[in-house]
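J.: What follows is the residue order along each chain.
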Amino acid sequence: MEHVVKSGAPVGQRPRPTKNYLNETTGIWSWMTTLDHKRIGIMYLCGVLTAFFIGGMFALLVRLSLLTPTHKIFGRVLMDAEQYNRAFSLHGIVMVFLFIIPAIPGSLTNFVLPLMIGAKDVAFPRLNLASFYLWCLGLLMALTSIAMGPVDTGWTFYTPYSTTTTGAVPMAAMAAFVLGFSSIFTGLNFIATVHKLRMPGMGWFDMPLFVWGMYSTAVIQVLATPVIGITLVLMVLERVFGIGIFDARMGGDPVLFQHFFWFYSHPAVYIMILPGMAIISELMPTFSKKTIFGYRAIAYSSVSLALVSFIVWGHHMFVAGQSQLANVVFSALTFLVAIPSGVKVFNWLTTMYKGNVSLETPMLYALTFMITFGIGGLTGIPLATLATDVHLTDTYFVVAHFHYVMMGGTVIAFLGGLHYWWPKMTGRMYSETWGRVSAVLVFVGFNTTFLTQFILGSRGMPRRYYNYLDQFQPLHMYSTFGSWILALGFFIMAAYLLASLRKPADAPDNPWGGTTMEWETSSPPIAHNFEEQPVLEHEPYDYRHRVTV
Amino acid sequence: MSTTSIDLQPHGGGHGHEGQDPHFQHHFTTMEQQFDTSKIGMWLFLATEILLFGGLFVGFGLMQGRYPREFVEAHTYLQRSLGALNTIVLLVSSWTMVMAVHSARTNQRKKTVMFLAFTIVCACIFLGVKYFEYSAKFEEGLLPAKYYWHKENSIPACPAGPATATPTIPGCTHGYATFFAFYFMMTGLHGIHIVVGIALLTWIMLRANKGEFSGAYYTPVDLVGLYWHIVDMIWIYLFPLYYLIS
Amino acid sequence: MSTHNEHTPTHAAVPAGAHHEHDISHDPGLYLRTLIALLILTVITVAAAGVHFGSGTANVVIALTIATIKASLVALFFMHLAHDKPVNAIIGVGGFIFLGLFMLFTFLDVGSRVPLLPNNMPAMAQPTPTPTTLNPLLTPPPAPLAPAPSATGAAGGAAAGAEGEHK
Chain A
1 MEHVVKSGAP VGQRPRPTKN YLNETTGIWS WMTTLDHKRI GIMYLCGVLT
51 AFFIGGMFAL LVRLSLLTPT HKIFGRVLMD AEQYNRAFSL HGIVMVFLFI
101 IPAIPGSLTN FVLPLMIGAK DVAFPRLNLA SFYLWCLGLL MALTSIAMGP
151 VDTGWTFYTP YSTTTTGAVP MAAMAAFVLG FSSIFTGLNF IATVHKLRMP
201 GMGWFDMPLF VWGMYSTAVI QVLATPVIGI TLVLMVLERV FGIGIFDARM
251 GGDPVLFQHF FWFYSHPAVY IMILPGMAII SELMPTFSKK TIFGYRAIAY
301 SSVSLALVSF IVWGHHMFVA GQSQLANVVF SALTFLVAIP SGVKVFNWLT
351 TMYKGNVSLE TPMLYALTFM ITFGIGGLTG IPLATLATDV HLTDTYFVVA
401 HFHYVMMGGT VIAFLGGLHY WWPKMTGRMY SETWGRVSAV LVFVGFNTTF
451 LTQFILGSRG MPRRYYNYLD QFQPLHMYST FGSWILALGF FIMAAYLLAS
501 LRKPADAPDN PWGGTTMEWE TSSPPIAHNF EEQPVLEHEP YDYRHRVTV
Chain B
1 MSTTSIDLQP HGGGHGHEGQ DPHFQHHFTT MEQQFDTSKI GMWLFLATEI
51 LLFGGLFVGF GLMQGRYPRE FVEAHTYLQR SLGALNTIVL LVSSWTMVMA
101 VHSARTNQRK KTVMFLAFTI VCACIFLGVK YFEYSAKFEE GLLPAKYYWH
151 KENSIPACPA GPATATPTIP GCTHGYATFF AFYFMMTGLH GIHIVVGIAL
201 LTWIMLRANK GEFSGAYYTP VDLVGLYWHI VDMIWIYLFP LYYLIS
Chain C
1 MSTHNEHTPT HAAVPAGAHH EHDISHDPGL YLRTLIALLI LTVITVAAAG
51 VHFGSGTANV VIALTIATIK ASLVALFFMH LAHDKPVNAI IGVGGFIFLG
101 LFMLFTFLDV GSRVPLLPNN MPAMAQPTPT PTTLNPLLTP PPAPLAPAPS
151 ATGAAGGAAA GAEGEHK
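Protein sequences appear in the order of chains A, B and C. Residues in the first sequence are numbered consecutively from 1, following my numbering. Residues in the second sequence are numbered consecutively from 1, following my numbering. Residues in the third sequence are numbered consecutively from 1, following my numbering.
Source of the hints: derived by calculation from the structure; they are not laboratory data. The C-beta atom is built at its ideal place from N, Cα and C for all residues, glycine as well. Keep in mind that the hints are not guaranteed to be accurate.
[As the list claims (entries may be wrong)] Example chain B residues on the side facing chain C (calculated, C-beta under 10 angstroms, incomplete):
| id | residue |
| --- | --- |
| 1 | L44 |
| 2 | T48 |
| 3 | F53 |
| 4 | F57 |
| 5 | G65 |
| 6 | P68 |
| 7 | V92 |
| 8 | S94 |
| 9 | H193 |
| 10 | V195 |
| 11 | Y237 |
| 12 | P240 |
Please model the complete structure; the sequences and the hints are all you need to start from.
T.: Have a look at this one:
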């Protein structure tokens, strides 16, 4: 049952090569010095999943503490206020800088993008390996900062608290700096790859939409990340030298720090979501057995999202002391940036319409994405509106909004892509039954955790608060229960994915009937990707010539 | 869907010697593609440098708006002649750099080494002038931020503690301290880039001396040249903002 | 510096990476002329700094304009953008454009801030009493503040504890 070639796939499986990228060379040194984008992608995958686990543990701690307003579990206080602040700060820092920004570009894109464009590798393989090692260094520095002392500023490092508090803030900030360079080099690599390494015949509008999404992401990575670099350096220098750029007592402007910080961090959230959208653009046509609706619209909206994302950062600062004029301008531009996302959602829906939709695990995640990202995106609108934002800002409404778009968007899409490309990367099929079980648990757990937080926020529960009014306890309880369901879903997922690795590597080349180039090579691929240099043969997502069984 | 067979041995477009060129990387199909890709990569890196320094320029501009009088006064303590000298030195080094690239491209090994050596000499002169400037600042107490004490101290220190209604207390040292903080940060970061540049230039010069570069392969010289020109370009903007405002 | 006899590309090893069709871009004479132009512009900008052009802003604008001309010369001729593939120029210029967006919106905010104290909100000039408990069920909410009189009526210079711009 697990080796069935899905309908729509080319009939007949090519003979399996004996050597693939996994067993071509052996030994840990061959992995540590590899220049193969596929191996680097696998190493990244192990790394970011570890980071996700660490960040998730902090999240579970936070939610456990919030189970009761007294923070007592079985009669003992779980964490005091300072430890709570550290827990949510580290949850944010680990999840943002170590997981969600590098995850899809480093793992899935690294693996799949050169295959999709018929290339042998990315443009700069050594830089790719360097990016991975920088990520590892960032991980070490982040762990060091956890051990060194309290980092309780929140992942946003707002001044003047971050410049005056004792603790390991500089180490954490420098970890983020190093991770920023890892991100820059990855983006640089992908831009050059997409420009120069496409296979013969593949023009810009013959590329899969995943490549368009990743290209747009890479543009943001290259342009925005240097600014967070200099911001963190300025913050650390202010601590050390007392410069007086951000601290009002020395004549500085704390809002200036926020401008610097959000100039990167808003485009950063598009670094997070664009890869997720790119994956959905692949899942939708494959699991609807139908060509994507509105290819150019989706391609253009990817690029325009990347560009417009740079001019909306002030919507994080509506109540911080920004001028009224800037508030109005940023609010209007934020409405504008919602449009390309909407374009994509409607195009995906229309792709499914009258398609032959099949509900395998990747598609379950794609459908979850439509719902959860939809909610996340729509709840951004009251936050973009000045009049309502004044009430909702810094409440749980914002927390719920960004978890819906980041987790309900990017993480869900990442899981969909992980399951979609799992047979290609590992050569094994996971258990479809358990995949569906886990997907349902993740859906239920996620919504239970975060839907309640919209209500909490609109009723006034502030974010990042250690304690709360008694009346909020039921909703906090439901949210915590949801986090346990979510955690269960993830543990089951880890179990069946790891279990699949113990099976022999006999997944078909094209189990899902996809039309992009990665499915034209073996699962797992050979070391140099293709036996012969591929040439463009058909339009993207061309399902017309498929034999449907 | 089968893939049309195309021989992966590169033969079209190039000049047939890609297979023998020791610098050819095999995920490319031609040397020209490799060269063009390297250039795109370098320009992308330069864009990140523009944004990295640009952040400091934005901060400087905003602080100037906050302390207009103090900043203008603090400018007078910088020696314009030394700044102008450094500007000329860097412009000449840019010229020697591009001549080095040209010499590499036209297979003139000795000229390549010579021009690279001149570029390094200019860079060292720049650093020497900077050292002279910095030590003068240290002597006079024109130090960044909390270390600012200024020898001719007729300027009262700003009161510590919570700030009062107006962000700038006319005449106290905040503005000067911030000015010199930015001065040292921006010229310091620029100086670090010069040092890295000297290291890169030395490396390239040694490789050029061994005859590694020719018209068929001069990419590293070209790329280091692009880096060097950006370093020069940053100084072209630093110079007027710091030395020419009065 | 000899500039007249270097213009002989050896065709035995035609540079695979060079731009065969653009010998103009690699003309050493062009490089020298660019350097001379740059040096002249440097002299001009130093001289212009000594002249007072009305407001201080005018001096800054002139200095930055000359700097931009110099930077463009370096980019176009020393960095070969004038004769290179356009993608490189787009990347380089793109960096400046996004830097410009950062500057534009940040200056827009900082430049259009209106101080809240003391004219607009005299009621805030007195400190609000700190409540003993945060629970609104136990403490009655504070009385609403009196509406602000017109801005011209309030006396300026009432230096309150907090600065208006930093909440």
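J.: Are there hints from earlier that the structure breaks, and if so, what are their numbers?
T.: The structure conflicts with hints 9, 10, although it agrees with all the remaining ones.
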